[in-house]
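Put chain D on the given structure of chain V with help from the hints.
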Amino acid sequence: GPYQPHEPGYGLYQPGYSPYDDQIPDPKSQMLAIQNAKAYLLKSSTTSGLNLYDHLANMLTKILDEQPTNAVDIIENISKDVKWAQFQKKMDTLRDEYEILPTFEAAEKHKALFLKANGEGDEELEEEIGETPLPNVMETAFYFEQAGIGLSKDEYYHIFLALKKLISVQPIQTCRFWGKILGLEMNYIIAEVQYHDGEEEEETEEEEVTEEGGKGVGEVEDEEEENEKEDAPPKSTYKPPPVIPKEENGTGANKYVYFVCNEPGKPWVKLPPVTPAQIVCARKIKKFFTGRLDAPVVSFPPFPGNEANYLRAQIARISAGTQISPIGFYQFAEEEGDEEEEVEGGRDTYEENPDFQPLSVAEMVDSLSTWVHHVQSILKQGRCVWLNPFQKSEEEEENEEEEKAEEPDELQQELQQEIGPPLLTPLSEDEGIQNIPAWTAQPSTNLIPQYAVAILQSNRWPGAYAFASGKKFDNIYFGWGHKYSPENHAPALPPPAQGEYPSGPETTETRDPTLEEELAFKAAREE
Amino acid sequence: MEASSLPAALELVAGGGAGLSPEKRAVLGSSLLLLQRDYRFERVWFWGCIQGVRGAYYIAEGLGPDRAAPRSRLYSLNCVEWSLLPPVTEEMVAQAEQLKGRFQGDPSFEYEYTEINAEDAERLFEDGKEPMMKEEARLVATIEEIDRAVGIIPRGAFVKTPLGSVRENRNFEGLSLTEAKKLSSYFHFTEPVNLKNKTLLEKADLDPSTDFLDSLEHDIPQGSWTVQLEKGGTVVVLRSLLWLGLTFYHVPMTKQYGYVYFGTGEKNLDLPFML
Numbered sequence: 001g002p003y004q005p006h007e008p009g010y011g012l013y014q015p016g017y018s019p020y021d022d023q024i025p026d027p028k029s030q031m032l033a034i035q036n037a038k039a040y041l042l043k044s045s046t047t048s049g050l051n052l053y054d055h056l057a058n059m060l061t062k063i064l065d066e067q068p069t070n071a072v073d074i075i076e077n078i079s080k081d082v083k084w085a086q087f088q089k090k091m092d093t094l095r096d097e098y099e100i101l102p103t104f105e106a107a108e109k110h111k112a113l114f115l116k117a118n119g120e121g122d123e124e125l126e127e128e129i130g131e132t133p134l135p136n137v138m139e140t141a142f143y144f145e146q147a148g149i150g151l152s153k154d155e156y157y158h159i160f161l162a163l164k165k166l167i168s169v170q171p172i173q174t175c176r177f178w179g180k181i182l183g184l185e186m187n188y189i190i191a192e193v194q195y196h197d198g199e200e201e202e203e204t205e206e207e208e209v210t211e212e213g214g215k216g217v218g219e220v221e222d223e224e225e226e227n228e229k230e231d232a233p234p235k236s237t238y239k240p241p242p243v244i245p246k247e248e249n250g251t252g253a254n255k256y257v258y259f260v261c262n263e264p265g266k267p268w269v270k271l272p273p274v275t276p277a278q279i280v281c282a283r284k285i286k287k288f289f290t291g292r293l294d295a296p297v298v299s300f301p302p303f304p305g306n307e308a309n310y311l312r313a314q315i316a317r318i319s320a321g322t323q324i325s326p327i328g329f330y331q332f333a334e335e336e337g338d339e340e341e342e343v344e345g346g347r348d349t350y351e352e353n354p355d356f357q358p359l360s361v362a363e364m365v366d367s368l369s370t371w372v373h374h375v376q377s378i379l380k381q382g383r384c385v386w387l388n389p390f391q392k393s394e395e396e397e398e399n400e401e402e403e404k405a406e407e408p409d410e411l412q413q414e415l416q417q418e419i420g421p422p423l424l425t426p427l428s429e430d431e432g433i434q435n436i437p438a439w440t441a442q443p444s445t446n447l448i449p450q451y452a453v454a455i456l457q458s459n460r461w462p463g464a465y466a467f468a469s470g471k472k473f474d475n476i477y478f479g480w481g482h483k484y485s486p487e488n489h490a491p492a493l494p495p496p497a498q499g500e501y502p503s504g505p506e507t508t509e510t511r512d513p514t515l516e517e518e519l520a521f522k523a524a525r526e527e
Numbered sequence: 001m002e003a004s005s006l007p008a009a010l011e012l013v014a015g016g017g018a019g020l021s022p023e024k025r026a027v028l029g030s031s032l033l034l035l036q037r038d039y040r041f042e043r044v045w046f047w048g049c050i051q052g053v054r055g056a057y058y059i060a061e062g063l064g065p066d067r068a069a070p071r072s073r074l075y076s077l078n079c080v081e082w083s084l085l086p087p088v089t090e091e092m093v094a095q096a097e098q099l100k101g102r103f104q105g106d107p108s109f110e111y112e113y114t115e116i117n118a119e120d121a122e123r124l125f126e127d128g129k130e131p132m133m134k135e136e137a138r139l140v141a142t143i144e145e146i147d148r149a150v151g152i153i154p155r156g157a158f159v160k161t162p163l164g165s166v167r168e169n170r171n172f173e174g175l176s177l178t179e180a181k182k183l184s185s186y187f188h189f190t191e192p193v194n195l196k197n198k199t200l201l202e203k204a205d206l207d208p209s210t211d212f213l214d215s216l217e218h219d220i221p222q223g224s225w226t227v228q229l230e231k232g233g234t235v236v237v238l239r240s241l242l243w244l245g246l247t248f249y250h251v252p253m254t255k256q257y258g259y260v261y262f263g264t265g266e267k268n269l270d271l272p273f274m275l
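Protein chains in written order, with the UniProt record's numbering: chain V, 1 to 527; chain D, 1 to 275.
Isolated chain V (complex conformation) (with noise of 0.2 angstroms):
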């Protein structure tokens, strides 16, 4: 019998019984009790056709295969997923292939990024080490992840990759990974580029629909009508506002160029530049972006254009509002300007300064007088630069002579000449909202100030960051590309309707005369 102690059966030895004893004495009716238990265990079932000895048989070859902690509570789980796993085996190839697609396709793009870096040939790669316009992005994330800002490594390097891929096919100078921006069903990932001196693209006249008709189709119209005085409707004395022109590509809003992709690996699209009518549109409306670049946008006031255009405006914006550099960085470039080029609206172009001396990161972070603007703002008119509607619809009167007799002299207005705060100002002037100021500064570190970055946040578009670390700078954007306001959003309201006609004594509403009041008339008149 059994002696160790760690051999079943042990200590239970009693002198007469042998340890294998079972209750029940007697060994033939125990033999035939045993044989009753397994036929009924072994009865199929009717309705599925299993039997339970078959099934508990599995079922305790996967416990004691698998050795699951506290077996006893998850018996009946292990009992379903063994069932369960009987029907598996036939449906099994054809499952996991149809599902498994759009993952691997997904790989497929992004390994497609990695090879063709290799498979470049020997010549290319030297004339990559000179100068190249791609940035470093490794380097920027670097910085932004010590304060906890920006994406995983993984996608910033398919970034980097994906705009090598760019600056490979498009004749760019300059590159700079903007940002993100989220969107309901893909995100965009956009890339700030500025063409060389006049390698840009033409590009094709895009013909908008929902812009107010120029003058041309009005004229027209006109010449038809007046031949016709007597039975014409009433012309309409409406006059469309002036449409103001979009700023020079190069210049403005419109300084760089931006393209953008759903996720790297995809094709990168150029957005087309944009017009002050719609960055007026998009300070009023307030939308999600779905992720496809033709998607409409649904708003009142109607927004012109789709959501390319709306992705431009709140881009433009973004950057209008939140593009800093550390004081000092830029500079105006020495020009022998007169004083006339001010005047049209300031210095419009920097340079970068040879001489620039970092300031410490304590010294970034404490003061916000530190950190300049270095994009030039919008004004309320949508562009940077103010042009004045008017000045062109007087040239092109003086040429029309049959036209319009009376001149729009109530529509000449003195537009006030807007003017924004002047290229590299100072944050501190930035006005806050309400009582937050308009930027958050911090170190990106208390514990080690020596190699600590100086990491700036902006309140008033938030997801836009900024870091300075000694002569290193960078702006980036992360966010669903909305401005901030502690205000619930009011939409603009649709005018109201319009009157029909002015009032006035001659043109007055009033009751039909009743049957008695016409036959007193009729009675008077025969008089």
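Hints were generated in silico from the structure; no laboratory data involved.
Errors might be hidden in some of the hints.
With a straight-line Cα cutoff of 27 angstroms, these simulated DSS-like cross-link-like pairs (lysine-lysine) come out [as the list claims (entries may be wrong)]:
hint, chain 1, residue 1, chain 2, residue 2
1, D, Lys182, V, Lys266
2, D, Lys182, V, Lys109
3, V, Lys286, D, Lys267
4, V, Lys109, D, Lys181
5, D, Lys181, V, Lys266
According to the in silico footprint, chain D covers these stretches of chain V (three or more CB under 8 angstroms from chain D) [stated by the list, open to error]:
hint, segment
6, 140-151
7, 175-188
8, 275-281
9, 286-292
10, 458-468
11, 485-495
By construction, the Cβ of each residue, glycine as well, lies at the ideal position given by its N, Cα and C atoms.
Chain D only, in chain V's frame:
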């Protein structure tokens, strides 16, 4: 998100641009463990970070044996020293809803009610309470609101035992890819509101051990969740549009899931205009 899976989880929610610096990650690894030891929590969740104007609050939640019981909440300004927050009351939540604007970053800051009606002010004065609210109380109320409104878990991750307590389902192996893209596979991890309103026919299909919570399908307004596949389709990320900054991640066919909040702690009341 579980404190033990913090580093991996932060990588998965980084798509929104918000995360933690290496310093904070390093210190959280140890300080959350110490929290578990000191307060005898069974589970510690890193809830997230509420960004104030002058500083940020880092929030952790501790759970006891019943995962659905009210959770203890702790906050810290530097992830090293944690302070227990008072338990939340309905009154706090009601008061906090009236406050607007950012958190200041200073827990003893007191808000004054500027937008209160004259009637309410009189009533409050009569009660002897002053119409002021401490930022700490607002913090608790905001965390409770966020958890109630948008704290979510995948279907099947938790089971209700016959005794009524809720525990993790050890047989939960993750949602499949097709299931993970549907809003009906996620539940609000809070007292169910809509469950009783379901028709008898729907109730018959429910499994009382796993389907004891409200799903996201009938959230108002519709479309207040974005479901995206990130990292090449390997992670399902849900972002709430009602509380901007709440991100939920789940890797299909694995047990990894969790949610975290990185934001300013303000409700997005403009949501209906923005959709």
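Going down the list of hints, with the structure as the test:
{"no.": "1", "hint": "D:Lys182 <-> V:Lys266", "verdict": "holds (25 angstroms)"}
{"no.": "2", "hint": "D:Lys182 <-> V:Lys109", "verdict": "holds (25 angstroms)"}
{"no.": "3", "hint": "V:Lys286 <-> D:Lys267", "verdict": "holds (15 angstroms)"}
{"no.": "4", "hint": "V:Lys109 <-> D:Lys181", "verdict": "holds (21 angstroms)"}
{"no.": "5", "hint": "D:Lys181 <-> V:Lys266", "verdict": "holds (22 angstroms)"}
{"no.": "6", "hint": "140-151", "verdict": "holds (count 7)"}
{"no.": "7", "hint": "175-188", "verdict": "holds (count 8)"}
{"no.": "8", "hint": "275-281", "verdict": "violated (count 0)"}
{"no.": "9", "hint": "286-292", "verdict": "holds (count 3)"}
{"no.": "10", "hint": "458-468", "verdict": "holds (count 3)"}
{"no.": "11", "hint": "485-495", "verdict": "holds (count 5)"}
Hint violations for this structure: number 8 only, all remaining hints satisfied.
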